[in-house]
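There are 2 protein chains.
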Amino acid sequence: MKGRDLTESFVSGEEVYAGGFFRVHRDVVRLPDGKTSAREYIRHPGAVGIIALLDDGRVVLERQYRYPHGRDFIEIPAGKLEPGEPHFETAKRELLEETGYAATHWTYLGVIHNAVAYSDEGIELWLAQGLEQRAAKLDDGEFLEVVPLPLDEALAMCADGRITDVKTIIGLMRAHSLHAGPGGRVRMLP
Amino acid sequence: MKGRDLTESFVSGEEVYAGGFFRVHRDVVRLPDGKTSAREYIRHPGAVGIIALLDDGRVVLERQYRYPHGRDFIEIPAGKLEPGEPHFETAKRELLEETGYAATHWTYLGVIHNAVAYSDEGIELWLAQGLEQRAAKLDDGEFLEVVPLPLDEALAMCADGRITDVKTIIGLMRAHSLHAGPGGRVRMLP
Numbered sequence: 560m561k562g563r564d565l566t567e568s569f570v571s572g573e574e575v576y577a578g579g580f581f582r583v584h585r586d587v588v589r590l591p592d593g594k595t596s597a598r599e600y601i602r603h604p605g606a607v608g609i610i611a612l613l614d615d616g617r618v619v620l621e622r623q624y625r626y627p628h629g630r631d632f633i634e635i636p637a638g639k640l641e642p643g644e645p646h647f648e649t650a651k652r653e654l655l656e657e658t659g660y661a662a663t664h665w666t667y668l669g670v671i672h673n674a675v676a677y678s679d680e681g682i683e684l685w686l687a688q689g690l691e692q693r694a695a696k697l698d699d700g701e702f703l704e705v706v707p708l709p710l711d712e713a714l715a716m717c718a719d720g721r722i723t724d725v726k727t728i729i730g731l732m733r734a735h736s737l738h739a740g741p742g743g744r745v746r747m748l749p
Numbered sequence: 560m561k562g563r564d565l566t567e568s569f570v571s572g573e574e575v576y577a578g579g580f581f582r583v584h585r586d587v588v589r590l591p592d593g594k595t596s597a598r599e600y601i602r603h604p605g606a607v608g609i610i611a612l613l614d615d616g617r618v619v620l621e622r623q624y625r626y627p628h629g630r631d632f633i634e635i636p637a638g639k640l641e642p643g644e645p646h647f648e649t650a651k652r653e654l655l656e657e658t659g660y661a662a663t664h665w666t667y668l669g670v671i672h673n674a675v676a677y678s679d680e681g682i683e684l685w686l687a688q689g690l691e692q693r694a695a696k697l698d699d700g701e702f703l704e705v706v707p708l709p710l711d712e713a714l715a716m717c718a719d720g721r722i723t724d725v726k727t728i729i730g731l732m733r734a735h736s737l738h739a740g741p742g743g744r745v746r747m748l749p
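Protein sequence lines, in the order shown, are assigned to chains A and B.
So the mapping is simple: this note's numbering equals the position in the first sequence, first residue as 1, plus 559.
So the mapping is simple: this note's numbering equals the position in the second sequence, first residue as 1, plus 559.
Think of the hints as simulated: they come from the structure by calculation, not from any bench.
No incorrect hints appear here.
All copies of an identical chain are treated as equivalent in the list; a pair is satisfied when it fits inside any one copy or across any two copies.
Calculated pairs, DSS-like style, for lysine-lysine (alpha carbon to alpha carbon, straight line, at most 27 Å):
#, residue 1, residue 2
1, 594, 639
2, 594, 561
3, 561, 696
4, 696, 639
5, 696, 594
6, 651, 639
Could you build all of it, start to finish, from the sequences and the hints given here?
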């Protein structure tokens, strides 16, 4: 989509916080009108979210405590990229680590950007089917409960506000629109 | 949804970065197994996103340069709460400031959480109809281009990856499902 140039260009910058989880940068930028301003943002390694559909039509969700909000959330399995790790490898690794499932069929459902104003994070969404149960192996300090739910029920939870996590809402909708047959039922793998 | 207690409780904490745009906290927490770990997160004032539907069925989108990504994004109008400001007032204010539109009909479309692992941000989504053009008045240092597009085209852009911003994808889908009639057309106000 074209129009006037809205580019903000780097003038100077520094890393103002380097934590264990993320790094914050603060740059001075040149605005389209020639003035300068500051932009603060998180540098994030990138992430994946996995919509894992069981053969019986249930989707593998997780209940996880999210400390910034002080409560549990229902979410799809997800995780950050390790240094140099391709997204697809992260998807396979996180699904196995968090839920114990391995998948035979993978379908790419696009990338989403969850905080464009202050983070460079992108989340790739992947649909996983042909699931086989193996053994989960959570990271140290990671606690969650695997909750398989019918896809229709999960979508209803997005609609009524029980699910509010963005990667989960968009992932479930995309899996549904990709796999909903004429009767609204999930189409199974042959 | 009940199950075992996954609560992580505050042990100690500090603000490790206070910028002009956001504040970063680092807390030591007690995990469900009794061990301690660190949690870093952003404290955010909260935000709103507005799906503004014109009487002709177009939705008022914006093209805006997002510095963390180094490129333009197509998004719904949105903005952060001022201190003490109710979400609905923010919605009216941001729509007017960014696009110049005032609306006579407002419908709440729920709240979404865009970075549950590292931010307490919630984004309330509001549908605005009965739009009247007034004068936009952008914040200092804010540059954007208002782009009205047919709702169907905007939804197609979500599907093909031209729109990847989460509040925009979810807001457009909710406006569509709320207002799509049997023929898939947007239902107009009486």
